[in-house]
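Line by line, the protein sequences are chains W and V.
The numbering of the first sequence is my numbering, which starts it at 23 and goes up by one.
The numbering of the second sequence is my numbering, which starts it at 23 and goes up by one.
FYI, nobody ran anything at the bench for these hints, they're computed from the structure.
These figures come from a predicted structure and were not determined experimentally.
Taking lysine-lysine pairs in the DSS-like style, the calculated list, with each CA pair at most 30 Å apart, reads: (1) W:Lys219 x V:Lys50; (2) V:Lys71 x W:Lys217; (3) V:Lys50 x W:Lys224; (4) W:Lys71 x V:Lys224.
Partial chain W-side listing against chain V, Cβ under 7 Å, derived: (5) Ala62; (6) Gly66; (7) Pro72; (8) Ala105; (9) Val215; (10) Val265; (11) Ile269.
Note that CB positions come from ideal geometry on N, CA and C, so glycine has one too.
Number of protein chains: 2
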Amino acid sequence: MRILLTNDDGIYARGINTLYEYLKKLGKVYVVAPERERSAAGHGITVHKPLRANAVVLNNDKDLCAWAVSGTPADCVKLALEALLPGPPDLVVSGINWGANVGTDVLYSGTVSAAVEGTIAGLKSMAVSLDVRCSEPNFAAAGEYILELVETYLEMDIPPETLLNVNIPDVPQGEIRGVTATRIAKRRFIDAVEKRKDPRGKSYFWLSGRIDEQELPGTDSYALGENLISISPVQLDLTNYQVIDQIQDHWNIKT
Amino acid sequence: MRILLTNDDGIYARGINTLYEYLKKLGKVYVVAPERERSAAGHGITVHKPLRANAVVLNNDKDLCAWAVSGTPADCVKLALEALLPGPPDLVVSGINWGANVGTDVLYSGTVSAAVEGTIAGLKSMAVSLDVRCSEPNFAAAGEYILELVETYLEMDIPPETLLNVNIPDVPQGEIRGVTATRIAKRRFIDAVEKRKDPRGKSYFWLSGRIDEQELPGTDSYALGENLISISPVQLDLTNYQVIDQIQDHWNIKT
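Pulled out of the complex, with its shape left as it was, chain W reads as follows (with noise of 0.2 Å):
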C-alpha cells in the first residue's frame, strides 16, 4: 500500500513525524509538507510563482521518501500527485495537526484543505487533529488512534467526495471514552481583531478573538468536550440545493 502524508505544520514538525512512524507499519509512506508553518492557510494554492521541492531526510530514516515544499498543502498534495509520487496512493492522510480543527476553523485549516485536494483527486482522505491541552502533546497516543482508524477507514465504504476530519482529544488514554460520528458545530469569532500602534504611533492589527459558542451535542466541538474522538464528514459539494428553485423562482427565468 502507498499512503501519502503531509500537513499544515511544517515537515519538521512532530505531528507528522510521529504519525509517520505508525503509518509505515501499513505500506510504503511519503512525506510531502510544507517546508515551513502553512497554518490557516485555508484552500491556498500557489499559482503567480513556481514551486520548489526538495528531497530531505526526516527521522534518520533512508526508507522515507520526503519532500519539503515551497508553498501550502494543497500545493503539496497536487505536486505529490503530479510529479512526486512514482503512482497514485491509496490514501491521503494530513497531520497530525498541532490543535483541533473543528467547527467554522474547518473552513481555515490546511490541515483539512490538504486532505480536500486529495478526495479532489478521488482519493481516500482524512485529516487528523490532536486537541492540544497542555504543553507536552501526546502526539504517540494519538498515532496509535489513528492507525486504528486509518485500518477502519480502508475498509469502509464511504461515498465519493467525502474526507473524513478526525479529532482527537490529548488526555491520557484512559480518559479517552471512544469514538463518534459528529456533524461541524457553527462557531463565531467575537473580539476577532486586536489594534495596537507600532513605535512610530501607526495602527496595526492582529487578528484574534475568543468562541462565542454553545457546544452543541451532536457537533465535534462538543465531542471533544467529551473526551471522545469526533470523526466529521466532510463534503465538497458546497451547493445549497434547498435555495436552488427559491432563486430561480425569484428571478424567474427560463433556462
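Please build the complex by placing chain V on the supplied structure of chain W, with the hints as guidance.
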C-alpha cells in the same frame, strides 16, 4: 444602506473600481481590499503576522472610504467588520473578479472566501465574477447586471449561512440570455503540474492544468457556456449528513 466591497484581484483592479460606481447608487460603499492581487488565496487568513490597513484614494472620489490591506480577502472582511467600518454593513459584495469562479475552483477562490467570511458574520453576501473571454472585458455591463441582482437579493429571504456566487458571461449585452440558478459543477484538473529546469539545472514546478470536464446541464459552468448569468447558492456547512450514521455504525460507539 451600508455596503462592504472587497475582492481578491487587489484594490486597484478594474473590476472592483467599476463595481463601486454602480453600488454607490444604493448607499454608502466602503472598499476594503487587498493591496495586491491575492487570487487563489482560498480561505487563508493571516495569523502569524500583523496586518496593515492604509487609507487610499480611489476613482478620484473624495466621498469614498477605501483601505488597502496587507492580507487576504478573508482578512479584509474580518478587519472591515471588526475595526474599520463604523457599523455592520447590510451587504458584503466581493468582486468583480477577472475570470469565472465556477466548479471546484470555488474552493480556491479568494473572491468567494471573502463572501464566505461575510456569511460567517451573519451578513448577506455575494461573490461576483466575470467570465472574461477577450483582452478587453466589459466590467461596466457586468456592473449593471450586478446592481439589479443586488437589489433583488436584498429583498429575498435567503436562509442564513448561504451566500450567492454569481458568474456573468463577458459577451455583448444583447447576447446574455438570462439568469439561472445553478449547482456548483464538479471539476477535475489534469496535467496539473508542469516541471521545468532552472538555469542551474535544478527542478521547479508550476501549477497549471486544464479542465477535464463534461459540462452538465444545471451547473454553473454549463450556464456560462449557454451565455446565462449563473447564481449558485453556497452553504457554509460542509458536513455530509448522509454519512454520519454510516460512520457511527461502523465504529459502533456510544455517544
